[in-house]
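Chemist: Residues per chain, in single letters:
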Amino acid sequence: EAQVTQNPRYLITVTGKKLTVTCSQNMNHEYMSWYRQDPGLGLRQIYYSMNVEVTDKGDVPEGYKVSRKEKRNFPLILESPSPNQTSLYFCASRGQIHNQPQHFGDGTRLSIL
Amino acid sequence: AQKITQTQPGMFVQEKEAVTLDCTYDTSDQSYGLFWYKQPSSGEMIFLIYQGSYDEQNATEGRYSLNFQKARKSANLVISASQLGDSAMYFCAMREGRGSNYKLTFGKGTLLTVNP
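Read top to bottom, the protein sequences are chains E and B.
The first sequence begins at 1 in this note's numbering and counts up by one.
The second sequence begins at 1 in this note's numbering and counts up by one.
Where hints are given, some of them may not hold.
Each computed DSBU-like pair below joins lysine-lysine, with the alpha-carbon atoms no more than 35 Å apart [unchecked claim]:
| hint | chain 1 | residue 1 | chain 2 | residue 2 |
| --- | --- | --- | --- | --- |
| 1 | B | Lys-3 | B | Lys-70 |
| 2 | E | Lys-17 | B | Lys-16 |
| 3 | B | Lys-70 | E | Lys-65 |
| 4 | B | Lys-108 | B | Lys-16 |
| 5 | E | Lys-18 | B | Lys-108 |
Calculated from the structure, these hints are not laboratory results.
These numbers come from a predicted model, not from an experiment.
Please model the complete structure; the sequences and the hints are all you need to start from.
Modeler: So this is what it looks like as structure tokens:
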């Protein structure tokens, strides 16, 4: 089954404690992306990757890091989380054809205390 | 200026009736596309329908159709014969450009409630 898998689904942690949210896709997609969703703001792109070792900033990259060492994996790293990063996070992937929809993971709800 | 505008924060509809969710967009590109996604209360993002700027006909997928008015820059989602399971948040999103390196810009969403 084609899917994007994120882990963990839920996490409550404290300010300053480094955390990583993993994302893996099994569709051999080149393009992967991270979004955060906040009430009233819709989804905003954090980082994206066009392929292995190719990443770029989205609209709200501050406080986040990513890496793309393998095609299937695209982890999101919060080096020193802060309460304003409490949000619902989505990983997504798609193929290269422009009319293909993005496939989303089930989301990760992060609470930073 | 917002690239995607969804002017209806919330909508209510009676079961079995049709409902239109509004989406207007702003782009100077000739090649672009509009996507609609559904997000139920469980949180996952479900792709519903796509309309390309060069598509001659309005897109349809089952009970979903897109009322695409290019001159007005609107791409409204029409859900026919609403069901209780249609209660969800709905997002309109736009891709600009034709190459593979495009970004999706999302609207803020419309919360649809279907009443029995």
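Chemist: Against this structure, judge whether each hint is valid.
Modeler: Each hint, compared with the structure:
1. A distance of roughly 15 Å separates the Cα atoms of B:Lys-3 and B:Lys-70; the hinted pair therefore holds under the 35 Å criterion.
2. With a C-alpha separation of about 50 Å, the suggested pairing of E:Lys-17 with B:Lys-16 is violated against the 35 Å cut-off.
3. Restraint check for B:Lys-70 and E:Lys-65: the C-alpha separation of about 38 Å exceeds 35 Å, so the hint is violated.
4. Of the pairs offered as hints, the one joining B:Lys-108 and B:Lys-16 holds, with about 26 Å between alpha carbons and a cut-off of 35 Å not exceeded.
5. At most 35 Å may separate the alpha-carbon atoms for a hinted pair to count; E:Lys-18 and B:Lys-108 meet this at roughly 30 Å.
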